[in-house]
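Hey, can you work out the whole structure from these sequences and the hints?
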Amino acid sequence: MNPILECYGLTKSYNKIYSALNNLNLSLERGQIIGLLGPNGSGKTTFIKLINDVLVPTSGEIRINGMAPGVETKKIVSYLPERTYLDETMRVKEIITYFSDFYDNFSSERAYRMLDDLQIDTNARLKTLSKGTKEKVQLILVMSRDAGLYVLDEPIGGVDPASRDYILSTILNNYNEDAAILISTHLIHDIENILDRVLFIKQGQLVLNAAVDEIRTEQGKSVDTLFREVFRC
Amino acid sequence: MKSLNHFLPFLHIFALLASILMRLFVTGRINPQSSSKQVDFIFILFFILFFTTITALSTGTYLLAGIRFYKNMFTDEGYLTRTLPVTNATHLLSKTIAGSIWAVINMSVIYLCTYLVLCTPYIQSAVTSHKAEILREFGATGEYAGLSFSSALTVLFLFSCLGSISSIVMIYSSVALGQLFSSHRVLGAVVSYFAISTVLSVLSLVVMALFGNETRLIITAGSEGDNFNFIAYMIDVMKTSTILMAGTSVILYIMTHYIMNKKINLI
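Residue numbers (our numbering), protein chains in the order written: chain A, 1 to 233; chain B, 1 to 267.
Source of the hints: derived by calculation from the structure; they are not laboratory data.
Don't take every hint at face value.
To be verified - Here are some chain A residues the structure puts well away from chain B; computed CB gaps all over 10 Å:
#1 R83
#2 T89
#3 K93
#4 E109
#5 L129
#6 H189
#7 L195
#8 L206
#9 A211
#10 Q219
As the list claims (entries may be wrong) - Here are some, though not all, of the chain A residues that point toward chain B, as calculated from beta-carbon distances under 10 Å:
#11 A68
#12 E72
#13 D104
Ideal Cβ positions, reconstructed from N, Cα and C, are used throughout, including at glycine.
Next up, the structure:
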């Protein structure tokens with residue numbers, strides 16, 4: 001089976017001086033939960049945007065299931081950006097219908113079940129919900145798809161610690177062996193236990209691509225500790 | 001389409017209601033035989049108000065269509081829109097169709113409002129009784145002898161609709177061009193709109209001059225004007241403008257599609 005994500009010499013420059021991502025080479029297999037970790041401005045979000053075709057690479061190429069970003073890859077990539085991307089005038093149930101219309105792999109039943117678990121009113125308009133609840137709605141939408149690659153940019157950043165547990169269990173419960181989950185976050189300690197692999201990005205370059213078990217057994221450190229060492233200011 | 005439905009129906013219903021009220025309380029009471037300076041002043045005031053309302057209606061429609069296109073494709077909402085399993089060509093086509101439908105509705109409402117305000121029983125009877133004379137004065141002679149008011153209005157309406165669709169394409173292309181100004185995207189879109197408008201106006205003038213439309217108007221206006229046929233002139237202008245509008249719209253549409261495919265970086 002193809003790797004779910006491959007990058008070859010991937011570079012993104014916003015101007016002539018500064019490259020947010022610089023010659024990134026990478027291959028990710030399915031069946032893993034991968035942490036995309038790095039300090040602010042290291043290029044994590046740029047990388048995620050390139051995967052999702054909302055940025056055009058300056059050079060290099062990116063392959064998702066062997067394909068360049070486009071309609072076919074968007075069918076199998078489920079993306080949670082770090083911002084509210086839904087029309088705030090819509091009701092939650094309307095958004096469910098919207099997703100159901102566009103994505104063949106979207107399960108309305110799963111979405112309604114999770115909304116019910118989190119006691120989110122499906123008749124409420126998005127603009128009436130709190131920031132944390134909006135983030136939960138977005139995560140539910142993203143995790144209600146049977147995707148090949150889930151790309152989650154700061155999925156637990158804006159929610160309370162109690163909800164974080166539910167969100168992490170949601171991520172674990174809804175992911176299958178044929179899929180991969182790429183999670184970008186600063187809250188390493190909170191998600192470390194669910195990660196299989198970590199990618200450390202520094203100044204647009206990959207400085208570490210290792211299995212979490214390797215880090216623990218070979219270096220005798222937690223991911224959080226290693227992160228603090230590598231990115232010490 | 002649905003996103004435009006939040007505001008535009010209210011704008012158009014308001015314009016229709018304002019027109020009905022103006023017909024009932026102002027133009028419907030016109031009696032030229034008992035006209036005075038004060039009454040004339042009030043009529044002029046109401047007509048200015050009417051044309052301001054119509055202009056605001058059009059501006060509002062195009063502005064909202066442009067804003068919705070911008071928000072939906074290039075702001076935070078773009079993170080959803082652009083990650084849907086749909087090609088940019090489909091996105092652009094669907095937005096253009098939705099915007100064009102509203103532009104045509106807007107044009108229809110403007111025609112309806114104008115009819116409501118102007119076609120009072122007095123004016124209708126005056127036009128009916130002098131129909132042949134009016135048509136002759138406009139140039140409905142010779143090859144245009146069979147032209148009726150309704151067919152002339154239909155052609156004018158279709159031409160206006162084409163112009164409206166062309167405006168939507170131009171607004172969308174301005175919004176897309178604005179995205180190339182990475183630090184000032186909205187300002188870039190506004191500047192692009194005025195730049196495109198200016199270029200198209202100059203191009204239109206040049207083409208009209210080349211086809212002799214403008215020179216014919218100037219020459220006949222300079223003479224006694226007996227040879228000037230308004231209908232023939234307007235038909236020539238509309239033919240040239242239609243070709244120009246269609247041509248520039250196709251070019252702008254292709255350019256917008258290219259920018260959306262190759263140049264868009266959401267911030």
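To see whether the hints hold, each was checked on the structure:
| no. | hint | result |
| --- | --- | --- |
| 1 | R83 | violated, 5 Å |
| 2 | T89 | violated, 7 Å |
| 3 | K93 | holds, 15 Å |
| 4 | E109 | holds, 21 Å |
| 5 | L129 | holds, 15 Å |
| 6 | H189 | holds, 28 Å |
| 7 | L195 | holds, 24 Å |
| 8 | L206 | holds, 22 Å |
| 9 | A211 | holds, 29 Å |
| 10 | Q219 | holds, 37 Å |
| 11 | A68 | violated, 12 Å |
| 12 | E72 | holds, 8 Å |
| 13 | D104 | holds, 8 Å |
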